[in-house]
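Using the UniProt record's numbering, you'd call the opening residue of the sequence shown number 1 and step up by one each time.
Derived by calculation from the structure, the hints in this document are not laboratory data. Note that the structure is predicted; figures quoted are calculated from it, not measured. Check the hints yourself; a few may be wrong.
Straight-line distance between alpha carbons at most 20 angstroms, and here's what the computed SDA-like set of lysine to any residue pairs gives [stated by the list, open to error]:
| hint | residue 1 | residue 2 |
| --- | --- | --- |
| 1 | Lys20 | Asp50 |
| 2 | Lys94 | Gly38 |
| 3 | Lys116 | Val89 |
| 4 | Lys64 | Val53 |
| 5 | Lys472 | Asp134 |
| 6 | Lys349 | Arg379 |
| 7 | Lys80 | Ala199 |
| 8 | Lys116 | Pro447 |
| 9 | Lys334 | Arg376 |
| 10 | Lys305 | Thr277 |
| 11 | Lys252 | Ala240 |
| 12 | Lys349 | Ala307 |
| 13 | Lys349 | Val315 |
| 14 | Lys94 | Thr40 |
| 15 | Lys334 | Gly38 |
| 16 | Lys94 | Asp39 |
| 17 | Lys305 | Asn393 |
| 18 | Lys334 | Gln34 |
| 19 | Lys255 | Glu57 |
| 20 | Lys255 | Ala241 |
| 21 | Lys334 | Ser362 |
| 22 | Lys452 | Thr248 |
| 23 | Lys88 | Val3 |
| 24 | Lys472 | Leu71 |
| 25 | Lys420 | Ile435 |
| 26 | Lys64 | His54 |
| 27 | Lys374 | Asp404 |
| 28 | Lys116 | Arg75 |
| 29 | Lys255 | Ala224 |
| 30 | Lys116 | Met440 |
| 31 | Lys319 | Ala355 |
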Amino acid sequence: MYVQRSPSGATVVPNVIGGKVVSLPETQNFPVIQGSTGDTIHYAQSATVDVGVHAVETAAEVFKTWRKTPLSQRRAILNKAADILETKVDELAKREIPETSCDAHWPGFEVIFASKFVRETSANVSTVCGSIPDSEVPGTTSLVFREPVGVVLTIIPWNAPIILAFRGIAAALAAGCTVVFKASELCPWTHQLVLEVFAEAGLPAGALNKIQCSRSEGPAVTEAIISHPALRKVEFIGSAAVGRIIGTVAAKHLKPVLMELGDQSPVLVLEDADLQTAAENCVRATFAHHGQICFGTERIIVHEKVAQDFSRVLVEATKALPSAGHAITVEGAKRSQDIIEEAVADGAKFLVGSAQLTGRTSLEPSILMDVNPKSRLSREESFAPSASLYVVNSDEEALALANDTPYGLSASVFTRNHAKGLALARDLEFGQVQINSRTMSVNVAAPQTGFKGSGWGSNGAAYGIAEFLFSKHVSLTA
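Can you make the complete structure from the sequences, with help from the hints?
See below:
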């Protein structure tokens, strides 16, 4: 659906606005390359500033009617979209595996959780309701309406392209907003499936519009969209570095931003923890998807009384892994490798694994010790299949080390003492804390909140819908 052929015969992923393919010259096409092989898979059409403006204006026109649709109609469309998505695992695999070099199981995992997010959002559509507060003025009735903010720009990355796109877009649509979806230039065909599913579910044309840009044209198009008077909110998911740029542009034009950025997710292994459970959860959350998950485990903080035993179990669990997969690009793999090698040059040692790169984009899974707390490996999101192990002599030291980061997305605590775990959870400066579960655990009914340098606002269920609503007070005097 929507895929074109260029005059030279190449497959081209287009921009789609108002349900129609945008016509652009072949010079606007850019190659989409499979990182693990270096092969050009197909081409994608790069949006221009005019195309970005057209997308906003189309969404603004459709907003006039979509905002008034009954909640039951929005719920029905979302549920149907979830039904349709669940039939698309094979189709998604055809797109996502070549574009992102992900493992064969990843598309199925994405479909499961994306559909769960959509269904949970659908179940919470009825939270789009107001209230009747008391009025101190005799003869006056106060009404509070929760209104959709309007047109939303949502910018979604490549690392969990289906989960993250459906989570945010479903919430915006449930609120009554319309959307300009800026797809990742690394996986535009994968992201196009989102548009196709919603269209098949009966979403009106123009309520969701999809564009993508080459890296060179992306900044200008993004600013043109954000600066447009009809654009009312931005959702951005991605790196902290790009988040700062988006935040600066949005601030210049006084546009609010919902952000979910990077993390340096810590795991605290206390002296009474089940070491086998803790090690297995650390390994799964560190090495899944080649470490390219924003709330994957990057720091493991263990009490000295169990450090030796835990290290042994952790090494065994790591060696049992068949592979960590591939980075999406050669540049991404090299950046991760550089961060690890810099830490080693600064005194870190491998407990298991190495910084060896196999092929173009596959790093060997590794756990490091004696990492300098000022190194990039300790301070930046590495997006590598690697974690650093730190040994502490008290729970207080573990807490201080865990919080010593600019990020605050997800953390875990492993302990048999639930009261202690809950107390630590309250003091951990992270938007979500798991006790006896991995940092990348997901509950679609709960908020996913970025704290400190990991973002602003919450995603998921009623919390996500609320991000796209504003409260309007209407007073009626008899």
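Does the alpha-carbon distance linking Lys252 and Ala240 stay inside the 20 angstroms limit? holds, 18 angstroms
Mind checking the alpha carbons of Lys334 and Arg376 for me, to see if they're no more than 20 angstroms apart? holds, 14 angstroms
Hey, Lys20 versus Asp50, does the alpha-carbon distance stay inside 20 angstroms? holds, 15 angstroms
Does the alpha-carbon distance linking Lys255 and Ala241 stay inside the 20 angstroms limit? Given that 20 angstroms is the threshold and the Cα spacing comes to 19 angstroms, the pair holds.
Does Val3 sit within 20 angstroms of Lys88, going by the straight-line distance between their CA atoms? holds, 17 angstroms
Is it true that the CA of Lys255 sits at most 20 angstroms from the CA of Ala224? holds, 13 angstroms
Straight-line alpha-carbon gap Lys472 to Asp134, limit 20 angstroms: Distance of about 15 angstroms is within 20 angstroms: holds.
Decide if the proposed pair is consistent with the structure: Lys349 and Arg379, CA atoms, cutoff 20 angstroms inclusive. Since the Cα atoms of Lys349 and Arg379 sit roughly 17 angstroms apart, the hinted pair holds (cutoff 20 angstroms).
Take a quick look at whether Lys305 and Thr277 sit within 20 angstroms of each other, Cα to Cα. Distance ~17 angstroms between Lys305 and Thr277 Cα, so the pair holds.
Lys116 paired with Val89 [C-alpha distance capped at 20 angstroms]: Between Lys116 and Val89 the Cα gap is close to 14 angstroms, so the pair holds against 20 angstroms.
With a cut-off of 20 angstroms on the C-alpha distance, tell me whether Lys472 and Leu71 pass. Since the Cα atoms of Lys472 and Leu71 sit roughly 18 angstroms apart, the hinted pair holds (cutoff 20 angstroms).
Does Ser362 lie within 20 angstroms of Lys334 when you go C-alpha to C-alpha? holds, 10 angstroms
In this structure, every one of the numbered hints holds.
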